[in-house]
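*Asks:* Chain residues, written in single-letter form:
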Amino acid sequence: MCLAIPGKILSSTVVNGIRLGRVQFGGITRETCLDFVPEASVGDYVIVHVGFAISRVDREEAERSYELLESMGLLKAEFETDVEAS
Amino acid sequence: MKYLDEYRDEKIARGIVAELGRRATRPWVLMEICGGQTHTLMRYGIDEILPAGIELVHGPGCPVCVTSLETIDKAIEIASRPDVTLVSYGDMLRVPGSRIDLFHVKASGGDVRVVYSPTEALKFARANPGRKVVFFAVGFETTAPANAMAVWQAKREGLKNFSMLASHVLVPPAIRALLSSRRNRVQGFIGPGHVCTVMGYREYEDLIREFHVPIVVGGFEPLDLLEAILMLVTQLEEGRAGVENQYVRSVTYEGNRLAQKVMAEVFEVCDRKWRGMGGIPESGLSLREEYAEFDADRIFGTEGVTADEPAECISAEVLQGLKKPTECSAFGTRCTPENPLGAPMVSSEGACAAYYQYRRHGMVAAKDIH
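These protein sequences, in sequence, are chains A and B. Each residue of the first sequence is one higher than the last, beginning at 0 in numbering that gives the first Met the number 0. Each residue of the second sequence is one higher than the last, beginning at 0 in numbering that gives the first Met the number 0.
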């Protein structure tokens, strides 16, 4: 659960004063809070931990890290949820 | 998605290992704190390609692993109530409590659910006002801002059916506890890259002044870790002890100030009992008095729950880098990821699980697994 996964911001909106983005991780898209990374905008890559972006990274870094996590088989468990997906 | 250029990476890796061999004139014991880093080290066999004498021991940086037995028991007690939905990160369900785990509660009809993010717990609480929704919140500094944000939002919205069983832990006090131990062998630390993404690495300077031990904040890729190891060995060989940042792609000196702000708004530092390590002063975060109405421990009266750890499991020594998982008599036999005795075998970030997954069975023959 302590993994931080890089993904690409596809869109962003403000809901109840909170900046939320749709962030793409390979084939998976998740709603992600962008409040901690005001410098990141649509098209940027961010490192996401439990649904919150904690830093902005460049594309190359994002792709390398993603490949690594996927190769270790750690992504599936990380996105596990049995509360309705966002 | 672009694939890794394995050859180039391997060539660089070999180059770093060769450089390590040239610089290391004596044995050194290094510890990676973070369980994610342990996984990369095992997956790529980095511990096996290092020059003889450079030993890696694995630290307590798996939040699931260090959550105290009594906290698990509290979660089990709360989850067993018919009016409660207990929501947690997936790994927590399989961590054994004193008698049962949360999966047993679920199997017996308890409402226990897994979420990926604390915001999902909030959504569930909003949609189910008739349920008391308790978020079982564990984690290091990486996770605390997200969990803090959930409570902050709940207060702002006046959500009455949401609370948190909080068991957050902090890395620097754990390093201090390890270094203060008379049994300590660790001479240099690979700092946790994502914890430091949030917190920066200013607070690690105090540790260095106190203990004169080098700390290099490291990333999670094989080359990141090899480079961090090289930076540590270079400092050790030159007799230096400083904080250096290998993971500059994500970590700054100050860290993420916005994340730190919401953490400080909702949580305060408290003493915390760690599974395997015992009580460590000022090593946890608990809800501030202003957020007491969201404190599940108070709401459900579980503050007095205590528990003793099972005798056979050596996770205490594993988490302190004193023993390797394969030195445990139960490793791979009576303790497996399917039937874990201790938490480091449960979590995908636990050192025992990493050894098991990547077949570091040693004398426990591979035939037993198939």
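Think of the hints as simulated: they come from the structure by calculation, not from any bench. Keep in mind it's a predicted model, so treat the numbers as computed, not measured. Any given hint could turn out to be false.
These stretches of chain B come out as covered by chain A in the derived footprint (C-beta under 8 Å, 3 or more residues) [claimed, not checked]:
{"id": "1", "stretch": "49-58"}
{"id": "2", "stretch": "80-89"}
{"id": "3", "stretch": "115-121"}
{"id": "4", "stretch": "253-259"}
{"id": "5", "stretch": "266-275"}
We put the beta carbon where it would ideally sit given N, CA and C, even for glycine.
*Asks:* Are the hints correct? Go through all of them and say.
*Replies:* Going through the hints against the structure:
For the stretch 49-58 of chain B, the assignment as covered by chain A is violated, since 0 residues bring a beta-carbon within under 8 Å of that chain's beta-carbons and 3 are needed. Check on the stretch 80-89 of chain B: 3 of its residues sit with their Cβ under 8 Å from a Cβ of chain A, so the three-residue criterion for coverage holds. Given a C-beta distance limit of less than 8 Å, the hint that chain A covers the stretch 115-121 of chain B holds, as 6 residues qualify and 3 suffice. With 3 residues having a Cβ less than 8 Å from any Cβ of chain A, the stretch 253-259 of chain B passes the three-residue criterion, so the hint holds.
Only when three residues or more bring their CB closer than 8 Å to a CB of chain A does the claim for the stretch 266-275 of chain B stand; here the count is 0, and the claim is violated.
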